[in-house]
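Participant: So the protein sequences, as listed, match chains A and B.
Start counting the first sequence at 1; every next residue gets the next number (the working numbering).
Start counting the second sequence at 1; every next residue gets the next number (the working numbering).
FYI, nobody ran anything at the bench for these hints, they're computed from the structure.
Do not rely on the hints blindly, as some may be mistaken.
Examples of chain A residues lying across from chain B (beta carbon under 8 Å, computed) [unchecked claim]:
no.: 1; residue: Q11
no.: 2; residue: M34
no.: 3; residue: D43
no.: 4; residue: S64
no.: 5; residue: F65
no.: 6; residue: L68
no.: 7; residue: P74
no.: 8; residue: G78
no.: 9; residue: F107
no.: 10; residue: T203
no.: 11; residue: T219
no.: 12; residue: R263
no.: 13; residue: E269
Every value quoted in this text rests on a predicted model; they were computed, and no experiment measured them.
Even for Gly, the Cβ is constructed at its ideal location relative to N, Cα and C.
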Amino acid sequence: MTGRQIITDTQNSWCPGCGNFSIQHTLKNILTEMEQEGRSLDDVVLVSGIGCHAKIADYLDINSFYSLHGRTIPAATGIKLANPRLTVICCSGDGDSYAEGLDHLIFAAKRNIDITVIVHNNRVYGLTTGQYTPTSPLGFRGKSTPAGTLEYPFNPLELMLASGATYVARGYSRKMDQLKGLIRGGIAHRGFSFIDTLQICATFFPAADYYTPRVYDLTGHDASSFEHACLKAREWDYSSDAPIALGVFYQKKFPTFDERMARKKMSREEQEHAIQDLLAART
Amino acid sequence: MIGVGLVKYNYWEYFVRLTGDNIPDFPGEDPPSGIPIYIPVTAEPDIRRTCMKEVSVLIGGKAGDGINSAGSVVAQLLNHLGYRIYMYFDYPSLIRGGHNFTVIRGSEQAIGSCRNTIDFILALNQETIARHRDRLNAEHAVIFNADLVKSDGQGVPVKSVLEAEHAPGIMGNSAIIGGFARAASIEWETVEAVFRAHIPKGVDLNLKVARRAYDQIQPVRKISRCDSPALPLLSGNEAIGLGMVRGGLEAYISYPMTPSSSLLHFLAEQQERLGITVVHPENEIAVILMALGFASAGKRTAVGTSGGGFCLMSEGLSFAGMAELPVVLVVSQRTGPSTGLPTYTGQSDLRFILNAGQGEFPRLIVAPGDAQEAVFWSAVATDLAWKFQVPAFILADKTLSEGTYSVNDVATGPRGHGEFLPWDGAAPYRRYSDSPSGVSPLAFPGTKGAVVKVNSYAHDEAGITTEEAPMVEKMTGKRLRKWDGLAAEMDTYPALNVLGNTAASTALLCWGSTRCVCTEVAAQLGLKVVQPVVLSPLPVERLKTSLRGVERLIAVEENATGQLVALIEREGIRADKKILRYDGRPFTVDELLLKVREAMA
Numbered sequence: 001m002t003g004r005q006i007i008t009d010t011q012n013s014w015c016p017g018c019g020n021f022s023i024q025h026t027l028k029n030i031l032t033e034m035e036q037e038g039r040s041l042d043d044v045v046l047v048s049g050i051g052c053h054a055k056i057a058d059y060l061d062i063n064s065f066y067s068l069h070g071r072t073i074p075a076a077t078g079i080k081l082a083n084p085r086l087t088v089i090c091c092s093g094d095g096d097s098y099a100e101g102l103d104h105l106i107f108a109a110k111r112n113i114d115i116t117v118i119v120h121n122n123r124v125y126g127l128t129t130g131q132y133t134p135t136s137p138l139g140f141r142g143k144s145t146p147a148g149t150l151e152y153p154f155n156p157l158e159l160m161l162a163s164g165a166t167y168v169a170r171g172y173s174r175k176m177d178q179l180k181g182l183i184r185g186g187i188a189h190r191g192f193s194f195i196d197t198l199q200i201c202a203t204f205f206p207a208a209d210y211y212t213p214r215v216y217d218l219t220g221h222d223a224s225s226f227e228h229a230c231l232k233a234r235e236w237d238y239s240s241d242a243p244i245a246l247g248v249f250y251q252k253k254f255p256t257f258d259e260r261m262a263r264k265k266m267s268r269e270e271q272e273h274a275i276q277d278l279l280a281a282r283t
Numbered sequence: 001m002i003g004v005g006l007v008k009y010n011y012w013e014y015f016v017r018l019t020g021d022n023i024p025d026f027p028g029e030d031p032p033s034g035i036p037i038y039i040p041v042t043a044e045p046d047i048r049r050t051c052m053k054e055v056s057v058l059i060g061g062k063a064g065d066g067i068n069s070a071g072s073v074v075a076q077l078l079n080h081l082g083y084r085i086y087m088y089f090d091y092p093s094l095i096r097g098g099h100n101f102t103v104i105r106g107s108e109q110a111i112g113s114c115r116n117t118i119d120f121i122l123a124l125n126q127e128t129i130a131r132h133r134d135r136l137n138a139e140h141a142v143i144f145n146a147d148l149v150k151s152d153g154q155g156v157p158v159k160s161v162l163e164a165e166h167a168p169g170i171m172g173n174s175a176i177i178g179g180f181a182r183a184a185s186i187e188w189e190t191v192e193a194v195f196r197a198h199i200p201k202g203v204d205l206n207l208k209v210a211r212r213a214y215d216q217i218q219p220v221r222k223i224s225r226c227d228s229p230a231l232p233l234l235s236g237n238e239a240i241g242l243g244m245v246r247g248g249l250e251a252y253i254s255y256p257m258t259p260s261s262s263l264l265h266f267l268a269e270q271q272e273r274l275g276i277t278v279v280h281p282e283n284e285i286a287v288i289l290m291a292l293g294f295a296s297a298g299k300r301t302a303v304g305t306s307g308g309g310f311c312l313m314s315e316g317l318s319f320a321g322m323a324e325l326p327v328v329l330v331v332s333q334r335t336g337p338s339t340g341l342p343t344y345t346g347q348s349d350l351r352f353i354l355n356a357g358q359g360e361f362p363r364l365i366v367a368p369g370d371a372q373e374a375v376f377w378s379a380v381a382t383d384l385a386w387k388f389q390v391p392a393f394i395l396a397d398k399t400l401s402e403g404t405y406s407v408n409d410v411a412t413g414p415r416g417h418g419e420f421l422p423w424d425g426a427a428p429y430r431r432y433s434d435s436p437s438g439v440s441p442l443a444f445p446g447t448k449g450a451v452v453k454v455n456s457y458a459h460d461e462a463g464i465t466t467e468e469a470p471m472v473e474k475m476t477g478k479r480l481r482k483w484d485g486l487a488a489e490m491d492t493y494p495a496l497n498v499l500g501n502t503a504a505s506t507a508l509l510c511w512g513s514t515r516c517v518c519t520e521v522a523a524q525l526g527l528k529v530v531q532p533v534v535l536s537p538l539p540v541e542r543l544k545t546s547l548r549g550v551e552r553l554i555a556v557e558e559n560a561t562g563q564l565v566a567l568i569e570r571e572g573i574r575a576d577k578k579i580l581r582y583d584g585r586p587f588t589v590d591e592l593l594l595k596v597r598e599a600m601a
């Protein structure tokens, strides 16, 4: 199929000014480019969790798997293992992948499954109307923490580096061109690709005024060095005031889980023959 | 720990007092001297005529002694003598130490349960004698490791046998088995054939060890040969695995949990041979979601767990219901609630499996009674999950999963292998297009021209989220219509077994692994047995028909409340009595016989 309409006619329900619009637009541009390069979008699957970000599954007219809260990654892993020809992209929220489904994120990095995970990190629960998330800054006043949170946020980049991710990047929804490059790089990367995407929540955490003066592009950074990646990842801890680097922090070539898992297809006759052999061996 | 022997023995004493009469039932032998075998004798029917050739061998020792593998060799010896086998393995939840034992029972007829009495004890430690000596039904039928055990019977000097053959300590069990074979007058040719077929490493040296012990032991009691040929011996979990492969299985995903783990081990070991993918992810939530990912991409997939692990899967199950993703769930029950008794049996998760998951959606639940039924029904469950795009459960328990059975693999082939209604290619593809049956044509990502949208939210036919009331109602109706198709499909399967004396006015009602013990007891007392194999959709009409002429319905379940009883009560069917066991141990034939008699008194 070529020249397909990439946006469905579903009524969009994100708030005006929501960072999700830019991420969706970025993905649309990437898909258009992929199609122009001769790749079939029939082979692309978008997996989303639950939350504002996840509505993207309804809005993009490509194969989608609108999963449960926190459960994008195991479903995406199953899809990739079932059909390694597919390009599998997860759009996940910070509530999804850093709270409810953190275990899956860590294990996907550990396995180096060839999927691309974009975390729409607005650092607040939007759809449940404003509670803190694992990346909200210390003291964040949400509906469940009216006096401010008492816990420090995760640094997801550090977490991913420690877990074995082979492509670790951070983007910002207000820097769409760069974000497009980071996501395309993740899709092209063979292995587990992680793109933490700082995104503003227009209603509950409109942090653009905080991010815009602080973000800078990683230049002259050696992304093949794990040590340098760790140093850069620790520059901003998602809570204290510091410059916020954007770009690819780390990338390495490594065998993927799906490659190692490849299994040769067997005919039903061969299979029944194997069963008969097995029964004979048990007699 | 209260050993199974102790509990059973208490029942047994009571039983002996009650019945008084005794008949030897040892095959082809004069009544053995010493402790007689007690079998209840009543007017109906004459037990002497239904008395069959049978033998029970108990092997006991510490965890790590290789009790289960020694049991498998003894089971094969009896198999090659023409017996139908059931092997029960009893072990605590630890890796080394503790007391493990296995009971290998052989009978002329297909069986799936144990007796209280034991014909031979093979003791690898002293505790085996202390715990099980009282179950022995004749003197001198103890074969023991003379280096470690003091007992009557005959000791095998294991250490000196191994030294004489320069054999490693791991071959000690071969000496015990060799000694047993001689004590039971099993021809050496049979021992050699079984060792050659079933001992993978160092068979020649194992045979020398066994022979040296064989030559030092005196025959005590002969185990007569039966007429039947040897059959494949499979554990229930292996049977489930092979059945699912026959039904079209392409991937198995599981996180270890007793008593389902041996299915994971079996399929992992055989994955290349059977051409399937086996994945062991981080937890059960990942297991079910990964399976749904596989299913959405067109691969027939099963998961396996026990009750606790299934708790973690219940949100994923509900997703499968809403998104109409076919998936097979093998749930092997153990004693609950919570962590419960990890290595012991139970049938207390039926209510949970029937009701798990938020919302309303169709599901298939099959509960096979033994390994042979498990091969057949596991194939059916795998096939029908795809035909109807529903979650399908294979509900087992420790008795079935970890028990070993003779499997007569004839006519167990499935009708289908997960064939499904394919998309005809007419654009646009709509994943949830409505139809009279409620079943939508399937396409998968990667199909040219199809946009496949799978959704956990309420959705329209294209798979786009909706909150519109008429659409929600319509799509709920579409999903629920699959119940009717599934129920109609079940009418073409043996979804309910009526066994035993079908004209009897007293019937035993059972499900799952207790079917085996119920049929044995029913054969002795001339009763009928009614066993629904399919528990959802319950074959209500067939159940009602099967109970015509039944004046007394006695339910037998291994749980504390009678969960099948509760299920049939919803359909207006009442059980008169409930015989329940919930201490983690399966009913023995003798115990259940006693209980049924009490219930009938």
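Participant: Give a verdict on every hint.
Facilitator: Comparing the hints with the structure gives:
| no. | hint | in the structure |
| --- | --- | --- |
| 1 | Q11 | violated (10 Å) |
| 2 | M34 | violated (15 Å) |
| 3 | D43 | holds (5 Å) |
| 4 | S64 | holds (5 Å) |
| 5 | F65 | holds (5 Å) |
| 6 | L68 | holds (6 Å) |
| 7 | P74 | holds (4 Å) |
| 8 | G78 | holds (2 Å) |
| 9 | F107 | holds (4 Å) |
| 10 | T203 | violated (20 Å) |
| 11 | T219 | violated (37 Å) |
| 12 | R263 | holds (5 Å) |
| 13 | E269 | violated (11 Å) |
Hint compliance for this structure: hints 1, 2, 10, 11 and 13 are broken, all remaining hints hold.
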